[in-house]
Amino acid sequence: MPEHARDRILARLRRAPREAQPPDDAATPQAPAPGGGAAAALEAALAAMRAEVQRLPREGWAGELRERLRGRGLSSLLYARGTPWAPALEEAWAAGPEGPPVLAAWEGTVEEFRDRLFAADAAITRAEAAAADPGVLVLRPGPAEPRLLSLVPPVHVVLVPGERIFGTLEEALAGGGFAPPLPANLVLVSGPSKTADIELTLAFGVHGPRELLVFILE
Amino acid sequence: MGDSGFEARIEQALADAGLRRNFASAMGSFAARRLAVFPDAAALERLREQGAAARRRALARLPELLEELERALVGNGIHVHWAETAAVGNRIVLEILEAHGVRRVVKGKSMVSEEMHLNAFLARHGIDAVETDLGEFIIQLAGETPSHIIVPAVHKNRAQIARLFHEKIPGTPYTEEVAELNAVARRTLRRMFREAGAGLSGVNFAVAATGTLCLVENEGNGRMCTGVPPLHIAVMGIEKVIERLEDLPPLLRLLTGSATGQRVTTYVNLISGPRRAGDPDGPREVHVVLLDNGRSAVYADPELRATLQCIRCGCCLNHCPVYTRIGGHAYGTTYPGPIGKVLTPQLAGLERAGGLPFASTLCGACEEVCPVKIPLTRLLRRLREETVQAGAAGGAGAGAIERLAWRGYGLSAQHPRLYRLLFACGRWLGGLMPPVAALERWGRAHAEPRFARLSLRRLFRKRGIPDA
Chain X
1 MPEHARDRIL
11 ARLRRAPREA
21 QPPDDAATPQ
31 APAPGGGAAA
41 ALEAALAAMR
51 AEVQRLPREG
61 WAGELRERLR
71 GRGLSSLLYA
81 RGTPWAPALE
91 EAWAAGPEGP
101 PVLAAWEGTV
111 EEFRDRLFAA
121 DAAITRAEAA
131 AADPGVLVLR
141 PGPAEPRLLS
151 LVPPVHVVLV
161 PGERIFGTLE
171 EALAGGGFAP
181 PLPANLVLVS
191 GPSKTADIEL
201 TLAFGVHGPR
211 ELLVFILE
Chain C
1001 MGDSGFEARI
1011 EQALADAGLR
1021 RNFASAMGSF
1031 AARRLAVFPD
1041 AAALERLREQ
1051 GAAARRRALA
1061 RLPELLEELE
1071 RALVGNGIHV
1081 HWAETAAVGN
1091 RIVLEILEAH
1101 GVRRVVKGKS
1111 MVSEEMHLNA
1121 FLARHGIDAV
1131 ETDLGEFIIQ
1141 LAGETPSHII
1151 VPAVHKNRAQ
1161 IARLFHEKIP
1171 GTPYTEEVAE
1181 LNAVARRTLR
1191 RMFREAGAGL
1201 SGVNFAVAAT
1211 GTLCLVENEG
1221 NGRMCTGVPP
1231 LHIAVMGIEK
1241 VIERLEDLPP
1251 LLRLLTGSAT
1261 GQRVTTYVNL
1271 ISGPRRAGDP
1281 DGPREVHVVL
1291 LDNGRSAVYA
1301 DPELRATLQC
1311 IRCGCCLNHC
1321 PVYTRIGGHA
1331 YGTTYPGPIG
1341 KVLTPQLAGL
1351 ERAGGLPFAS
1361 TLCGACEEVC
1371 PVKIPLTRLL
1381 RRLREETVQA
1391 GAAGGAGAGA
1401 IERLAWRGYG
1411 LSAQHPRLYR
1421 LLFACGRWLG
1431 GLMPPVAALE
1441 RWGRAHAEPR
1451 FARLSLRRLF
1461 RKRGIPDA
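Residue numbers (the working numbering), protein chains in the order written: chain X, 1 to 218; chain C, 1001 to 1468.
Read the hints as simulated data drawn from the structure, not as lab findings.
These figures come from a predicted structure and were not determined experimentally.
Note that the Cβ used here is the ideal one computed from N, Cα and C, for glycine as well.
It is possible that some hints are incorrect.
[Claimed, not checked] Computed from the model, here is a short list of chain C residues facing chain X with C-beta under 7 Å:
id, residue
1, R1056
2, L1134
3, A1153
4, G1227
5, V1268
6, N1269
7, I1271
8, G1282
9, D1292
10, N1293
11, G1294
12, P1302
13, F1423
14, A1424
[To be verified] Computed spacing ranges between beta-carbons, pair by pair:
id, chain 1, residue 1, chain 2, residue 2, range
15, X, D115, C, G1101, 49 to 57 Å
16, X, E218, C, G1028, 41 to 49 Å
17, C, G1197, X, P143, 18 to 26 Å
18, X, G71, C, R1163, 36 to 44 Å
[Stated by the list, open to error] Think about it this way: if two alpha-carbon atoms lie no more than 20 Å apart in a straight line, the pair counts; the simulated SDA-like pairs of lysine to any residue are:
id, chain 1, residue 1, chain 2, residue 2
19, C, K1168, C, L1141
20, C, K1168, C, G1197
21, C, K1373, X, P22
22, C, K1373, X, Q21
23, C, K1373, C, R1046
24, C, K1373, X, L202
25, C, K1373, X, D24
Kindly generate the complete structure, drawing on both the sequences and the hints.
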C-alpha cells in the first residue's frame, strides 16, 4: 500500500504540465572573511539576541574561563570527555582551588545519563563555526559531544575559536567543513531559548537554556 | 457568500472588542518588526527574488526532487513513508507508534499535523499527543485550534491564559506574570520531554541533496521533541522540498524576517539522520511522512501551482485588512488569512470552501509582502471565477439578480446609445435607490454611493480633450 501511494503521487506530479526550469542564479559563496571584523559583528549580533559574549585569550583560556564562571551561582558544569578541549578543562579545574562550579563529565548514553543531565545547571560545548550575519553559532554534536548538552541545562557555555568565525551563514556552511554527508545533527544557535507566545511579551528560557554564555577564543 | 457559518463567525468576531484589540496590536507589531528587520527595500526585493526562484526551481522539478530526497533520507538511515490523504498519514503515524508501544508523544509545532487532525486521531486510539510549543500548549489546554500560523494563541490575552493555567494545571496559582506563566509551562513540559516515548514534528524545509530536515524555532521545544525521545516522526507536505543546502540561508532570512521580524530564530535544527554508531544521544529511529492530501492536484494547474511556493511565514495574515479584523478562527479552516483563502478551496474543494476567496478586498497587501512572491490576488480572482462558474456553494456572483445586472451591463457596454441612456438615468435617479439588500449592508458602515453629476466622458469634453 505505501509503495503504491508513492507511485501514484509521483505519477500525478509527472502528469502535470512541465514548467520551464527557472534560471539558477544562486550566488556562489565567497571565501571566508578573515578574523577581526567578523568577530566584532558576531559579538554585536549575539548580544542583540541577549547572549552574553566575552573574549578569552587563547593562552590559558580554561583557567580564565573557570575564574569568570565563579560567582555565577552555578553548582556544576557538564562537559564531554572525548572532545579535544576537554583535557585543558580538566587540567584547569584540577589546578585551581576547590569551589563551584564543579566540572562533571557526561558518561555513557543518554539512557544512562538522563537523570543527571536533567538535574545539571550548566554545560559547555564548542561551536564548530559561526556566522556574523545573521549571528549564529554552528554546533556539531556527534560521538564526542552529545546533542542534549547544549539544550537541557539552563545555562549553555560555548567556546568559539576566533578563526572559525565567518562573515555570512552561506560562507560558514560552505567553508566550515560541512561537506556532505552531513552529520546526523547540526544546530544553529543565536541566543538563549525564548518565546513571545503570550501577548508577544518576550521571555527567556522557556524550554532550552535561559542563558547563553559565548566565549570567543582569540 | 453562501456560507452562513462563515458570515456568522465574521459578525461574531467583529463584535468581539477584546479579540479585535488582541489582533490589531499583535499584527501591527509584527508588521513594524518586519519593516525594522528589512530596512533596505531594494535589498529585500533582491532577497525575495532569490527566495521565489529557489521555491520555483524546486517546484519545477518536484517529482525528481522528491525521489532524490527519498534516496538521500534513506541513505541517511531515515525511514520514508508516503501518504495520499490525511487519513492514511494518520494511520502511518499510529502504526509506527503502536509498533514501539508508545502511549504518549511530545509534539513540536506543525501546521500539517493540524491539517491532518492528528492529535484527535491519536487520542481516539488511546495515544496522548502533548503540544509543547507554548502557544500550542495554551490552545490545547483550552481545547481550541490555532488562530495564526506562527503565533497560535495570539487571540488570547494574559488574563485568559492565567485563568486557563490556574484551572487546568493542578497546583498552579493565578498569575498574570508572563515570566511566571512561562515557568509553569517549562516545569509541566520538562517531565513530558523526559518520559515521552516519541517526538512528533513538522518540517520547514527538506533538503533533497543532503537528505536533511530543517526545523526552525525559538523555544527549544522542537529540539527537545526531536532529540530526547528514542523515536522521532516528522510529517511534511510534499511541497516542502528544496534542492540543496545553499538555498537554505536566503529562505531562512525570508522566513524569520517575514514571520516575526527576527534576523534568525534562536534555533535552526538540521536533522540528517538518527543516532549513529558511537553517538551518545539522539533518537534511535527517525521517520518522515510525506503527505500529498490534495497537493498534487494543486500542482497539476500551472497557475495555481504557485500556491505551493508558500513557506508558511504567516506574513500575509499579519498584513491582511480582513484577517487583522476578524482573526483566524472566523475562517473555520486550518490555514487562515490570504494563503488560507487560496489554499483551502483547492484542498477542500469549491463546494466546501469556494466562498473564502470572496472574503478579500483584493488590496494586494498580501502579495506585496509575500517573501516568495506568490501572486495571491491573481489566485484569489481565479478561484472566485471558478466558484462563480461552478455555481458552487458560496458563489457570490451566483445570485439571479446579480447575474441579470451583469448581463444588462454587458449588453449596454456593447451598445453606446443604450449605455449613455442607462447612465443618464443613473445620474438622475441614482439618489432615489432604496437602501435594500446589498446596499443596506453596505450602508451600515459606509456612506451611500452616489453617481457623479458628470460622466468621465463629459468631463473630458468639458476640458477640451477630444475623443480618440
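Structure-based check of each hint:
1. The closest approach between the C-beta of C:R1056 and any C-beta of chain X is roughly 5 Å, which is under the 7 Å cut-off, so the hint is satisfied.
2. The criterion of a C-beta within 7 Å of any C-beta in chain X is met by C:L1134, whose closest approach is roughly 4 Å, and the hint holds.
3. A distance limit of 7 Å between C-beta atoms decides the matter here; for C:A1153 the minimum to chain X is near 6 Å, and the interface restraint holds.
4. With 7 Å as the threshold, the beta carbon of C:G1227 comes within range of chain X, its nearest partner Cβ sitting at about 5 Å, so the hint holds.
5. With its C-beta approaching chain X no nearer than about 4 Å, C:V1268 sits inside the 7 Å limit, and its interface hint holds.
6. The criterion of a C-beta within 7 Å of any C-beta in chain X is met by C:N1269, whose closest approach is roughly 6 Å, and the hint holds.
7. Hint status for C:I1271: holds, given a least beta-carbon distance of 6 Å to chain X, under 7 Å.
8. This hint holds: C:G1282 has a C-beta 5 Å from the nearest C-beta of chain X, less than the 7 Å allowed.
9. Taken as an interface hint, C:D1292 checks out: its beta carbon lies about 5 Å from the nearest beta carbon of chain X, inside 7 Å.
10. About 10 Å separates the beta-carbon of C:N1293 from the nearest beta-carbon of chain X, more than 7 Å, and the hint is not met.
11. Interface restraint check: C:G1294 against chain X, minimum CB-CB distance 11 Å, threshold 7 Å, status violated.
12. Evaluation of the C:P1302 hint against chain X yields a held restraint, the C-beta minimum of about 5 Å falling below 7 Å.
13. Because the beta carbon of C:F1423 sits about 43 Å from the nearest beta carbon in chain X, more than 7 Å, this interface hint is broken.
14. Given the 7 Å rule on beta carbons, the hint for C:A1424 is violated: about 49 Å separates it from the nearest Cβ of chain X.
15. Distance hint for X:D115 and C:G1101: a CB-CB separation of about 22 Å, inconsistent with the stated range 49 to 57 Å.
16. The hinted window of 41 to 49 Å between X:E218 and C:G1028 holds, with their beta carbons roughly 43 Å apart.
17. A C-beta distance of roughly 25 Å is found between C:G1197 and X:P143, which places it inside the suggested range of 18 to 26 Å.
18. Evaluation of the 36 to 44 Å hint for X:G71 and C:R1163 yields a pass: the beta carbon distance comes to about 41 Å.
19. Proposed proximity of C:K1168 and C:L1141 is supported: the alpha carbons are some 7 Å apart, at most 20 Å.
20. Among the hinted pairs, C:K1168 with C:G1197 is inconsistent with the structure: their alpha-carbon atoms are about 24 Å apart, more than 20 Å.
21. Restraint check for C:K1373 and X:P22: the C-alpha separation of about 14 Å stays at or below 20 Å, so the hint holds.
22. Between C:K1373 and X:Q21 the CA atoms are separated by roughly 17 Å; this keeps the pair inside 20 Å, and the hint holds.
23. Distance hint between C:K1373 and C:R1046 is fulfilled; the C-alpha atoms sit about 11 Å from each other, no more than 20 Å.
24. Taking the CA atoms of C:K1373 and X:L202, the gap is about 30 Å. The hint is violated against a cut of 20 Å.
25. The hinted pair formed by C:K1373 and X:D24 meets the criterion: a straight-line CA distance of about 17 Å does not exceed 20 Å.
Of the numbered hints given earlier, the model fails hints 10, 11, 13, 14, 15, 20 and 24; all others are met.
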